[in-house]
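Enquirer: Listed here are the chains, written in short residue letters.
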Amino acid sequence: MKKDIILAGVGGQGILSIATIIGYAVIESGYNLKQSEVHGMSQRGGDVQSHLRISDNEIYSDLIPLGNADMILAVEPMEALRFLPYLAPAGWLITNTKTFENIPDYPEKDKIITEIEQLKNKVALDADGIAKELGTTKVMNMVMLGAASEFLELEYSKLEEGIKSVFGRKGEKIVETNLKAMAAGKKIAQEKK
Amino acid sequence: MKKLLLLGDEAFAQGALDSGISGAFGYPGTPSTEIVEYVQSNQEAIERDVKRAWSANEKTSMEEALGMSFAGKRAIVTMKHVGLNVAADPFMNSAMVGANGGLIVAVADDPSMHSSQNEQDSRVYGKFAMVPIMEPANQQEAYEMPFKAFEISEKYEIPVLFRITTRLAHSRSGVTRRKKLPEKKGSMPEYMYQFMLLPAIARKKYKKLLELQKDLEKESENSPFNKYTDGEDKSLGIITCGLGYNYLMENFKDLKKTHPVLKIGQYPLPRKQVEKITSECEEILVIEEGMPVVEEMLKGYLEKKPKIKGRLDGTLPRDGELNPSLVRKALGLASPQGYEMPELVAKRPPALCVGCPHRDSFQALNEAMEKYGKGHVFSDIGCYTLGFQPPFNAINSCVDMGASVSMAVGAATAGFFPSIAVIGDSTFGHSGMTGLLDAVDKKANVVIMILDNDTTAMTGMQDSVVTGRIESICEGIGVKKDHIRVINPLSRHHDENVKVIKEEIAYDGVSVIIPRRPCIQVYAKRKRDKEI
Chain C
1 MKKDIILAGV GGQGILSIAT IIGYAVIESG YNLKQSEVHG MSQRGGDVQS HLRISDNEIY
61 SDLIPLGNAD MILAVEPMEA LRFLPYLAPA GWLITNTKTF ENIPDYPEKD KIITEIEQLK
121 NKVALDADGI AKELGTTKVM NMVMLGAASE FLELEYSKLE EGIKSVFGRK GEKIVETNLK
181 AMAAGKKIAQ EKK
Chain W
1 MKKLLLLGDE AFAQGALDSG ISGAFGYPGT PSTEIVEYVQ SNQEAIERDV KRAWSANEKT
61 SMEEALGMSF AGKRAIVTMK HVGLNVAADP FMNSAMVGAN GGLIVAVADD PSMHSSQNEQ
121 DSRVYGKFAM VPIMEPANQQ EAYEMPFKAF EISEKYEIPV LFRITTRLAH SRSGVTRRKK
181 LPEKKGSMPE YMYQFMLLPA IARKKYKKLL ELQKDLEKES ENSPFNKYTD GEDKSLGIIT
241 CGLGYNYLME NFKDLKKTHP VLKIGQYPLP RKQVEKITSE CEEILVIEEG MPVVEEMLKG
301 YLEKKPKIKG RLDGTLPRDG ELNPSLVRKA LGLASPQGYE MPELVAKRPP ALCVGCPHRD
361 SFQALNEAME KYGKGHVFSD IGCYTLGFQP PFNAINSCVD MGASVSMAVG AATAGFFPSI
421 AVIGDSTFGH SGMTGLLDAV DKKANVVIMI LDNDTTAMTG MQDSVVTGRI ESICEGIGVK
481 KDHIRVINPL SRHHDENVKV IKEEIAYDGV SVIIPRRPCI QVYAKRKRDK EI
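Chains as they are written, first to last, in the working numbering: chain C, 1 to 193; chain W, 1 to 532.
Chain C extracted, bound-state conformation (with noise of 0.2 Å):
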C-alpha cells in the first residue's frame, strides 16, 4: 500500500479538512502518514497545496517528489493544472470544475476544462454544484472528498468516522450535511471513473 497524494486548493477553500479527515483514517487504518501543509502567508487566498504520503512501509520525505503523486485531489480546476509535474504518468487526477477567480488574469475556463480532458485519468465534477443541492457550498471540500475515496484503498466507514470526529464538535446536523456531501462525491465518482 503507497499512495501520494497532493491536495491542491485556493487558501480558504478546506483541503486542510480534507486533509485531515483522510489522515485519521489513514491512522486508524494502522498506515504510516506523513502530511505537509502550508500556513502563514500564503494562506490569504493564494494556492495552496497540501503532500499527503500513505504508506504501510517508512516514509522518508515529507514531500512528494515530481512525477511520483498517485493522485492530484483538486478543489478547484486551475489549481489541479499547476501541480501536473508531480503527477505520476498512470496517476489520476480528481478535480472540481467549479472555478476560483479572485484574480485579474484568470484564464478561460474553457480552456482549463480542455486541458484536464486531455489527461487519461481523470474525474472532473461540479462539486460546488452538488454541494449546493445539499443546501451549502461549504461541504464542497467533502464532494470533493467522496470522489477520492474510490481511489483511496482506505475504508470507507474510516472516513464517515474522520468527519465525525472533525466536525462533531460543530453538531449533529453539520456532521450529517458533511456525510451526505462524501457519499454524494463517491457516487459521481463511481459513475465516471
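Among the hints, erroneous ones may be present.
[What the hints assert, rightly or not] With a cut-off of at most 30 Å between alpha-carbon atoms, the simulated DSS-like pairs for lysine-lysine come out as follows:
{"hint": "1", "chain 1": "W", "residue 1": "2", "chain 2": "C", "residue 2": "158"}
{"hint": "2", "chain 1": "W", "residue 1": "2", "chain 2": "C", "residue 2": "132"}
{"hint": "3", "chain 1": "C", "residue 1": "132", "chain 2": "C", "residue 2": "187"}
{"hint": "4", "chain 1": "W", "residue 1": "527", "chain 2": "C", "residue 2": "132"}
{"hint": "5", "chain 1": "C", "residue 1": "2", "chain 2": "W", "residue 2": "257"}
[Claimed, not checked] Counterexamples of contact, computed for chain C against chain W with all Cβ distances above 12 Å:
{"hint": "6", "residue": "1"}
{"hint": "7", "residue": "3"}
{"hint": "8", "residue": "39"}
[As the list claims (entries may be wrong)] Coverage of chain W stretches by chain C, computed from C-beta distances (three or more under 8 Å per stretch; other residues unrestricted):
{"hint": "9", "region": "141-152"}
{"hint": "10", "region": "319-330"}
{"hint": "11", "region": "338-346"}
{"hint": "12", "region": "351-359"}
No wet-lab data here; the hints were simulated from the structure.
Even glycine gets a Cβ: it sits at the ideal position worked out from N, Cα and C.
Starting from the known structure of chain C, fit chain W onto it as the hints suggest.
Expert: Quick look at chain W alone, frame taken from chain C:
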C-alpha cells in the same frame, strides 16, 4: 500506546510538555507559531498551569524564559528565524550566563521564504553563541529532542538551540510518546552571580564557555541523533543535516551501491564521525536545509581533499528549500517525468481578504496621498504588507518588525514630506512603540497609522498585548491627544477618513491615526462561535 498525529511544531511542544516544562514563551511567527498554540490548547498544560501567554516580542519572551530558567524551572521560548535577530542580544548572552532550569530556544527557519523576508539559517546563530544545536529529521525526533536537550542544558548549564524548518514544522506524522518527566520545583542558581555579566565575571564565564566546547563535541559524538551508517562504495560519502536525511533516504534504494552516510541531528559536529567519513571517502556530498553551514566548515577557505560537494559548487541550489527531486539529481539519478504544467496557468499570489479592514484603510490613504504621488508610505510586517499588491500598491517598504515607524522618522528628519508609516496593532506592540518615542523626542513630522484589527492576523489570529491600550500608550509616549485619531475603516466612512488623514498630513508634528475594525476572519470566527 496509540500514536499522536502531530505537526513537527506540535511534536516538539508535546515533547517539551512531557519533559517537564513550566513555561512556553514566544512571539507568533510562521513557521513557529504552532508550538506555543499547541501548549495553549493542551488540556494537560492547562491543568498543570504551564505558563503559555504570548509575549510582546521575541526579545522579551527570550528574557522571560531566561528568568524562568534563573528560577530553576524548565522553559522553552519559540520564534521564527528573523525573530532571533530581535532576541539576539539576550540569546547571545544567555550562552554566557548559561541556564539554571533547562532552557531550549526553539527557532523555526523558513528556507524558500514562504512567509518571510529572508532565509537566514539559525544554526549560524547557534555556532556564533557556541551553544549545542538540535535539528530533527522527523516528527518523532522533534518529540524526543527536548528530553535530551534539557538533560544537556542542565548538565552543562547552557541553553540549547532547537532548529526546525518550514517543511517539518508544518508536516504531520504519527508520534509515540514516552514516560513523562515531572516539572522542577524551582531553586536559585547554585552560584548566586551566575547571571551577572560585569566584565570581570564575564571574562571568566567566557573561558568556561570555551572550555565547554570539548564536552559538547563529545556529547554530539555519543548522541542518538547522530548516526553513522557504513556503505560499500566509498567514492562518495554523504553527510545530511536535519531533514536532508529524508530526501536522501527517499532516493537511496535507487542507488546502485550504498555509500557511507553520516546523519547529523546534534551540533557541534561530531568530530570523530566527521573525520572518519572525510578520511575514508574520496568525495563528500553535504545535504543540508538552509545555508551551506556544514559544507563551509568542512570546505574551509582553501580547497583541500576530499572534494566537498553541496550548495557551494552547484551540486545543490545555493538558495531555497531542498526537496527529494533536487537531492535525486545531486545523487546523479534520473528523475521520473510528471506532466507539464499548461502555459495558461496564472500566478495566484496571496491577497487581502474580501471584507478586510485594511482594504478600506488603504483606499482612504491612497486618496489622501493622491497629490503627493507614490513612494511616501513605509510599512511593516503583517497582513497589511499585502497592500503592496494591486489594486492598492499603497506601500513602499517592508524591512523588519517596527521599521515602518523608525524609517518614517529618519526620512522626516531628512526633510522628506509627507512621511507616513503603516503598522499593525501587534507589530506596534512588538517594536513600534520605541520608534514612536523617538518620533516624539525628535519632533518628527510623521503620520503613523496603526491598523488595529484586534489580533495578530497573519500568523493565524493570536492575541496581541496592546489590545485596548493603543491610545493610552500613544498618549503616554507623548503624542498630543488631539492628534491621536481613531477612524472606522468602512466604505461608508470613506470620505471622512480621507479628510482625517489629510488633516494629519497637514499637521507639522507627530500624528497617530488608528483605523479600528476587527479582522474579517476574527469577526467571522466570533460569529461562528456564537452560533455553535
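Enquirer: Which numbered hints turn out to be false for this structure?
Expert: 2, 8, 9
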